[in-house]
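Just so you know, the protein sequences line up as chains L and A, in that order.
Residues 1 to 161 in the working numbering are what the first sequence lists, from first letter to last.
Residues 1001 to 1203 in the working numbering are what the second sequence lists, from first letter to last.
Derived by calculation from the structure, the hints in this document are not laboratory data.
Ideal placement from N, C-alpha and C gives every residue a C-beta, glycine not left out.
Be a bit skeptical, because a hint or two may be false.
[Unchecked claim] Straight-line Cα separation of at most 30 angstroms, DSS-like style, residue types lysine-lysine; simulated pairs:
#1 A:1184 with L:15
#2 A:1021 with A:1084
#3 A:1195 with A:1184
#4 L:15 with A:1195
#5 A:1184 with A:1021
#6 A:1184 with A:1084
#7 A:1195 with A:1143
#8 L:15 with A:1143
#9 A:1084 with A:1022
#10 L:15 with A:1084
#11 A:1184 with A:1143
[Claimed, not checked] Taking CB as the label site, the calculated pair distances span:
#12 L:113 with A:1026: 50 to 58 angstroms
#13 L:6 with A:1074: 49 to 57 angstroms
#14 L:19 with A:1082: 20 to 28 angstroms
#15 L:41 with A:1077: 47 to 55 angstroms
#16 A:1168 with L:92: 45 to 53 angstroms
#17 A:1026 with L:73: 13 to 21 angstroms
#18 L:100 with A:1077: 27 to 35 angstroms
#19 L:27 with A:1168: 23 to 31 angstroms
#20 A:1034 with L:91: 27 to 35 angstroms
#21 L:16 with A:1200: 22 to 30 angstroms
#22 A:1026 with L:100: 32 to 40 angstroms
#23 A:1019 with L:4: 47 to 55 angstroms
[Said to hold, decoys possible] Okay, the calculated bits of chain L under chain A, using three or more residues with CB under 8 angstroms as the criterion:
#24 16 to 24
#25 41 to 52
#26 60 to 74
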Amino acid sequence: MREDVHARAEELIAKERVEGISTAEQEWLGQHLRECARCVGAANATEQALRSLRTLSVPLPRELASRTQFRLRLRAQELQVREPRWRLVWMMCGASWVAGAATAPYVWRGLEWIGHRLGVPDLVWQMGFGVWWALPAIVAGAILLVENAGQSVRRNLDDAA
Amino acid sequence: MLLATAERSTYLFSTLMADDKKTLAQGLRQRDPELLDRLIEQYQYRLFRYLLYITGNQERAEDFFQETWIRVLERGHQYDVRFKFEAWLFTIARNLVIDWQRQKKAQSLDALTDPEEGRGFEIVDEKAESPLHLVLQGEQKDKVQASLEQLPAAYREVLLLRFQEEMQLDEIARIQATPISTVKSRLYRGLGALKGLLAGGAA
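If we strip away everything but chain A, and leave its shape as in the complex, we get (with noise of 0.2 angstroms):
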């Protein structure tokens, strides 16, 4: 009996779900203007701070705010309802870096994103103080912003996707375009670095 309201009820959410997300692939496939604003302030934290890790700069994480909204509007026909629409919002914005990376520097799109390829994903001055920091001292002055300044850009995109938005692997897999596998090797390894780093080790 009580399995059965059980099932009942996740079916009536799971309906709901479906049926929200059709909704909301009408409204973007009519580019419903107050959809839009209502999504952007829903989901501005959370873009903001995502393309804030993948690209260690404020300013950047701005325009490519700015820029993932615009293509959205642009794109949002091409929204599949079988997914979250967080997963493809994450998925444009990050994108719409790497294809920045690729213009500004001609490297593989694997170099960019592969940590154990190099620093990768990195669009900070060495010798400056790093942006992520300016954005985030003011907020906490502890170990965690240091060490999350150390470790690669791809790294903190796990971390940041599994433990922060609490995605799946089979999510954050679709979003970088790579096997499970590789998602759960950079989850280990960030993690184990983190840790590292947070324990005052080296990454």
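Next comes chain L alone, as it looks inside the complex (with noise of 0.2 angstroms):
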């Protein structure tokens, strides 16, 4: 028999395992395999491999359940006092936007009056207008770092623990 023809077959085997085959392939490979002990031996050798993999067990160590289940709870009870408290951030924030933004023209035309009675120049009381538009985001940004900060160094505590 032609090496080609067995190569096929033993590409068959592996690929009836990993994403199976047709029925035209079946019937190919059924007949071949009636035919050649070398193949046949291939795939006993493929079936062996994965019903080792299959039997094999890995022991689960002590009250892995039960200590993460633990873990959960904390961690839950922890989320249910920040969540809160974020959401009120947030809607702090897209209040202080919308307000922002209706009140934006006022804003505008009551710097552009303080700065020509102090005499400072445009660009001064412009630059105040972009502090005063972008505060919310600057305050939301603030809280977030220090959020952050705070996990990370919790994080790397509980690395060292």
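The task is to assemble the complex, starting from two chains supplied on their own in separate frames and drawing on the hints.
This is how it looks when you write it as structure tokens:
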């Protein structure tokens, strides 16, 4: 028998397990295996390898589930406290942006008037307007940074423990 | 008649499955503690085995096991009912391991996950006895352990997902965030290498 026939059979043996083969391929392989002891050996070796893999067991560490459940409960409590706080921060930011957008023309005119009264260059009061506009984002960013810093410190402490 | 009955029962089964998943998603969104406890118990063996296969280290697998469930708690609202829960769970676990490796070594994700570019995904000390070996040793002392240890972790991972978890190729591809062709290629190579190793050859 030609070498490429065995190669095809071996390819189909693997393909059957990995992704499945068509009926025509199944028939061809079945026919070939009836005639070829070498490929029967290859099919058995594949089956044996998979059987060994499937029967291999891993011992679970003691109380892994209960330890995890305990940690999860603590984290859930933490989230229960933290999340409403965050919701409040975001709501306040949102309300602040809406109010900012609605009052922007008046604030612009007010700052312009103050700028002219004080005799400061236009760029100064315009920058002041920019800061006023970005203030909610700056506050939210600062809160996020503090929160993340706190989290990474906690994580490092956990790792060290 | 028989076909109609079969179709109806398939429909009923899939509806039940969909309902189960919806209930599961709702519970995850609400962070239902009882549901989470049940899930941890139900999936503990499979998740731990998966983590052990990809990290090759028991302690790390334990750490990642807990971190994975913390993520499930925090991001339960992200679970998509179209997919199996275990596929989502394994994706979270896998991403945590990859993030951790990224932090430890400044390497690209490809280099970490593709065994063709070096060993990849391995955190083991070459000189020390393999932690995976130590874990498996007590259970079975045959060639399979030794063979698995010699396989790159990315091959171990696909072999586990396909032949132990019995996942479909597209599910594995989604977990690994790779094309199906890559999954197939890893499976063929992994299977070939495992066969070779079991027969006494080299991977």
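We went through each hint and held it up to the structure:
no., hint, verdict
1, A:1184 with L:15, "holds (9 angstroms)"
2, A:1021 with A:1084, "holds (8 angstroms)"
3, A:1195 with A:1184, "holds (16 angstroms)"
4, L:15 with A:1195, "holds (14 angstroms)"
5, A:1184 with A:1021, "holds (28 angstroms)"
6, A:1184 with A:1084, "holds (20 angstroms)"
7, A:1195 with A:1143, "holds (11 angstroms)"
8, L:15 with A:1143, "holds (24 angstroms)"
9, A:1084 with A:1022, "holds (11 angstroms)"
10, L:15 with A:1084, "holds (25 angstroms)"
11, A:1184 with A:1143, "holds (25 angstroms)"
12, L:113 with A:1026: 50 to 58 angstroms, "holds (56 angstroms)"
13, L:6 with A:1074: 49 to 57 angstroms, "holds (53 angstroms)"
14, L:19 with A:1082: 20 to 28 angstroms, "holds (22 angstroms)"
15, L:41 with A:1077: 47 to 55 angstroms, "holds (53 angstroms)"
16, A:1168 with L:92: 45 to 53 angstroms, "holds (47 angstroms)"
17, A:1026 with L:73: 13 to 21 angstroms, "holds (20 angstroms)"
18, L:100 with A:1077: 27 to 35 angstroms, "holds (30 angstroms)"
19, L:27 with A:1168: 23 to 31 angstroms, "holds (24 angstroms)"
20, A:1034 with L:91: 27 to 35 angstroms, "holds (31 angstroms)"
21, L:16 with A:1200: 22 to 30 angstroms, "holds (24 angstroms)"
22, A:1026 with L:100: 32 to 40 angstroms, "holds (37 angstroms)"
23, A:1019 with L:4: 47 to 55 angstroms, "holds (51 angstroms)"
24, 16 to 24, "holds (count 3)"
25, 41 to 52, "holds (count 6)"
26, 60 to 74, "holds (count 10)"
No hint from the list above goes unmet by this structure.
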